[in-house]
Amino acid sequence: NAGVTQTPKFQVLKTGQSMTLQCAQDMNHNSMYWYRQDPGMGLRLIYYSASEGTTDKGEVPNGYNVSRLNKREFSLRLESAAPSQTSVYFCASSENWNTEAFFGQGTRLTVV
Amino acid sequence: RKEVEQDPGPFNVPEGATVAFNCTYSNSASQSFFWYRQDCRKEPKLLMSVYSSGNEDGRFTAQLNRASQYISLLIRDSKLSDSATYLCVVVLYYGGSQGNLIFGKGTKLSVKP
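Residue numbers (the working numbering), protein chains in the order written: chain A, 100 to 211; chain B, 54 to 166.
Same shape as in the complex, but just chain A (with noise of 0.2 Å):
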């Protein structure tokens, strides 16, 4: 039992470059989310999914796509890279909205 899976855990993209960061869980989730986290600023939620087919904008959505996939996996996408989108990345999962997440293990994201 994985729990919450992200791939990759370390990145370094080039400004303007592209990329899907990729998460599942296998805990049977209904609730995924994407949050960055930056010193000094805590855990800010990027986008999340309720369920399976629906996702929705979170605090800081702009520059970033999401894709409930099924409902296993949540994956997010960097268009068009720039330097203020490096920092860690976690993915996490919830039973329901209102019940404890799990993390994956973060993805660490430089842009230069």
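Bear in mind the hints are in silico, worked out from the structure with no lab data behind them.
The structure presented is a predicted model; accordingly, all values stated were derived computationally and were not measured.
We put the CB at the ideal spot given by N, CA and C, even for glycine.
Incorrect hints may have been included.
[Stated by the list, open to error] List of simulated lysine-lysine pairs, DSS-like, C-alpha gap at most 30 Å:
#1 B:Lys132 <-> A:Lys156
#2 A:Lys156 <-> A:Lys108
#3 A:Lys113 <-> B:Lys95
#4 B:Lys161 <-> B:Lys132
#5 B:Lys98 <-> A:Lys108
#6 A:Lys113 <-> B:Lys132
#7 B:Lys95 <-> B:Lys161
#8 B:Lys55 <-> A:Lys113
#9 B:Lys55 <-> B:Lys95
[To be verified] Derived, one-sided and incomplete: chain A residues facing chain B with beta-carbon distance under 10 Å:
#10 Val103
#11 Gln105
#12 Pro107
#13 Tyr132
#14 Gln136
#15 Gly139
#16 Gly157
#17 Glu158
#18 Leu177
#19 Phe189
#20 Ser193
#21 Trp196
#22 Glu199
#23 Ala200
#24 Gln204
#25 Arg207
Given chain A, put chain B in place with the hints provided.
Coordinates of chain B only, in the frame set by chain A:
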């Protein structure tokens, strides 16, 4: 005003000390509450849920005061391994079956020998 506010610390305490963290939240419609722990360069992990009646798990006690909109975490007999950042988490309800976990910025605890 931020949705969830915590004292950033750091709290530097000796082993065996009792330390308390407080957290305030701004939205009275908040539904659920948690404390998470995050070690350096690791993902956040659930420490404990917070119930209206208060709850205890070993050396850890969490309390919720809905009237004053604050949550507390008490750690007794601190261990070196308790050194981490503690995140206060509030679930906001948006309607239907939608809500979100809102994280405080965290309070850093350093337990010294």
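The hints, checked one at a time:
no.	hint	verdict
1	B:Lys132 <-> A:Lys156	violated, 40 Å
2	A:Lys156 <-> A:Lys108	holds, 24 Å
3	A:Lys113 <-> B:Lys95	holds, 25 Å
4	B:Lys161 <-> B:Lys132	holds, 14 Å
5	B:Lys98 <-> A:Lys108	holds, 18 Å
6	A:Lys113 <-> B:Lys132	violated, 43 Å
7	B:Lys95 <-> B:Lys161	holds, 14 Å
8	B:Lys55 <-> A:Lys113	violated, 33 Å
9	B:Lys55 <-> B:Lys95	holds, 24 Å
10	Val103	holds, 8 Å
11	Gln105	holds, 9 Å
12	Pro107	violated, 15 Å
13	Tyr132	holds, 7 Å
14	Gln136	holds, 9 Å
15	Gly139	holds, 7 Å
16	Gly157	holds, 7 Å
17	Glu158	holds, 9 Å
18	Leu177	violated, 20 Å
19	Phe189	holds, 6 Å
20	Ser193	holds, 7 Å
21	Trp196	holds, 4 Å
22	Glu199	holds, 5 Å
23	Ala200	holds, 5 Å
24	Gln204	holds, 5 Å
25	Arg207	holds, 8 Å
The structure does not agree with the numbered hints 1, 6, 8, 12 and 18 stated previously, though it agrees with the rest.
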